[in-house]
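Here's the letter readout for the chains.
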Amino acid sequence: MKMVVAIIKPFKLDEVREALSAIGVQGITVTEVKGFGRQKGHTELYRGAEYVVDFLPKVKLEAAVQASLLDQVVEAIEKSARTGKIGDGKIFVHELEQVIRIRTGETGAEAL
Amino acid sequence: MKKLFVSFVLLAALCGASATVHAEEAAVAAEAVATVVEAAAAAAPVPDKGDTTWMMLSTLLVILMIVPGLSLFYGGLVRAKNMLSVLSQVFAIFALVSVLWVIYGYTLAFGDGGVLNGVIGDLSKLFLAGVTPDSTAATFTDGVVIPELTFVAFQLTFAAITTALIVGGFAERIKFSALLVFSALWFTFSYLPIAHMVWATGGYLFEMGALDFAGGTVVHINAGIAALVGAIVIGKRIGYGKEAMAPHNLPMTMIGASLLWVGWFGFNAGSNLEATGGAALALLNTIVATGAAALSWMYAEWLLRGKPSMLGIASGAVAGLVAVTPAAGLVGPMGAIVLGAIAGVVCLWAVSNLKKSLGYDDSLDVFGIHAVGGIIGAIGTGIFVSPALGGVGVDGYTMGGQVMTQATGVLVTVVWSGVVSFVLFKLIDVAMGLRVSEEAEREGLDTATHGERAYSL
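Protein chains in written order, with the numbering used here: chain A, 1 to 112; chain B, 1 to 457.
Because the hints were derived from the structure by calculation, they are not lab data. Just so it is clear, the structure is predicted and the values come from calculations on it, not from any experiment. Each hint should be verified, as a subset may be incorrect.
What the hints assert, rightly or not - Computed cross-link-like contacts, DSS-like style, restricted to lysine-lysine with a CA-CA straight-line distance of at most 30 Å:
id	chain 1	residue 1	chain 2	residue 2
1	A	Lys9	A	Lys34
2	A	Lys12	A	Lys60
3	A	Lys9	B	Lys356
4	A	Lys40	B	Lys307
5	A	Lys34	B	Lys242
6	A	Lys40	A	Lys79
Stated by the list, open to error - These stretches of chain B come out as covered by chain A in the derived footprint (C-beta under 8 Å, 3 or more residues):
id	segment
7	235-249
8	303-310
9	348-361
As the list claims (entries may be wrong) - With beta-carbon atoms standing in for the labels, derived distance ranges:
id	chain 1	residue 1	chain 2	residue 2	range
10	A	Val33	B	Glu452	23 to 31 Å
11	A	Ile100	B	Tyr240	45 to 53 Å
12	B	Ser258	A	Glu106	50 to 58 Å
We put the CB at the ideal spot given by N, CA and C, even for glycine.
Starting from the given sequences, assemble the full structure and let the hints guide the process.
Rendered as structure tokens:
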């Protein structure tokens, strides 16, 4: 099993969710986050005070999937989240040791 | 806790001492007033119901400016961790000043102070002695009166908003107990004398012919200077100029600015004291000067900084409201537009360039908007009151003479408020400390001082 973590542009979330549903991903977890990468921040001006905002709002999504589905999942996120402009985000893939469904106690692939 | 108690005792002593000394005096005065009222009953003018209604409505509008309006305008501008502290400060000051006003404020501001009448009133109406539903107050028209209680309530709201405005200068770091003591003392030693000098018969600036329709000097310059002195004496916020201190909720600030604008019609058009054409002039001026100032700030910011901001439009509107306050019933609509347009640009300069070059931390720009806008309005009133420029004119008007009189009014207010504020801040700092601990400031005043938070998940 694999844990796929992706940082994407917030407005791309719906497209990514649809693409993942279409290939059979059962569930994802989404968090609003801030961060910086190669994309530069912006300046904000409040009356006379100027602030450089380095951390831009992004969405982090996490999906636990079967190893066999990994390539499709990565491809789906890549395609649906891409705008071609700087700041499209990144995908991280981790090994996933164990999954447990709390309600039934099922473990492993059964619990996905 | 101990210090909080001390501040309470101080307040109680202030009220208690005057109570015992003057209770007897007050009773005698009440009797005297009653006799006079009886004797004059036959010929006494009767308040017009329309005027009375208008003045009560205006009073409510000014309360709308303060409790929700100013609170939200200020609240949105601070960081989320200090939201409730600002709301509490404005609310508590309104409550405090309203009580002090009827106990001793009204009589000191509008009484006849005898030899001291140039500066302050007397204590003949302590505890509103002799003020009944039948007593009346004069308006600007001979033979036209309004119920005195209406006048008392209307003027109460002016004292309250002036004292509450100061909060913006040292928001996010003031100790709440120290603020309450400061507010009571500043109201007594700065607001009351200035209000008397400008608005009461026999007051030094009133007799000199200084024009202040709704409180450019009394309210805005007075409060703006106190806020600047406070910001300097207390010192900058921790991290000022290094950490981001962006406003936490600009929609709140927009709602607050809008409530200020609506409430300001009571403030300016209500200051006419009668529901007449003069009130209509003040009402229209309060719309167009504000519009002109919002536009001039917006375009200046757009031109100089690249983007027209919502905060800029709202700040410009407030600057325009401040500038038209002393002028409202005295200048024509075109004069009001010019005044507003000037105030928008100059106040933008004050809050960005002037503030940066002088290096003080006036958190919410009370000085840059209220004192600077108030000075523009006070001086501008002397110019645009001219009949040649569409104003209503005054007897024996010369532009140079009137501008000099206006400048004297500004100077007296700046010096008086500056000195009183400086002495009070220093005294309170020594007696009980003005500022919260560094730890409390970093944590935020909401939890550290008030034990609650504005927003939770």
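Hints, one by one, checked against the model:
1. A/Lys9 x A/Lys34: 11 Å, holds
2. A/Lys12 x A/Lys60: Distance ~11 Å between A/Lys12 and A/Lys60 Cα, so the pair holds.
3. A/Lys9 x B/Lys356: Since the Cα atoms of A/Lys9 and B/Lys356 sit roughly 36 Å apart, the hinted pair is violated (cutoff 30 Å).
4. A/Lys40 x B/Lys307: Holds, at roughly 19 Å.
5. A/Lys34 x B/Lys242: Given that 30 Å is the threshold and the Cα spacing comes to 20 Å, the pair holds.
6. A/Lys40 x A/Lys79: Holds, because 23 Å separates the two Cα atoms, which is no more than 30 Å.
7. 235-249: holds (count 4)
8. 303-310: Holds: 3 residues of the segment 303-310 of chain B have a Cβ under 8 Å from chain A.
9. 348-361: This one holds; 6 residues, not fewer than the three required, reach chain A with a Cβ under 8 Å.
10. A/Val33 x B/Glu452: 23 to 31 Å: For A/Val33 and B/Glu452 the Cβ distance comes to about 28 Å; the hint holds.
11. A/Ile100 x B/Tyr240: 45 to 53 Å: Given about 50 Å between the Cβ atoms, the range holds.
12. B/Ser258 x A/Glu106: 50 to 58 Å: About 56 Å separates the Cβ atoms of B/Ser258 and A/Glu106, which means 50 to 58 Å holds.
Figure legend: structure checked against the earlier numbered hints; the only hint not met is number 3.
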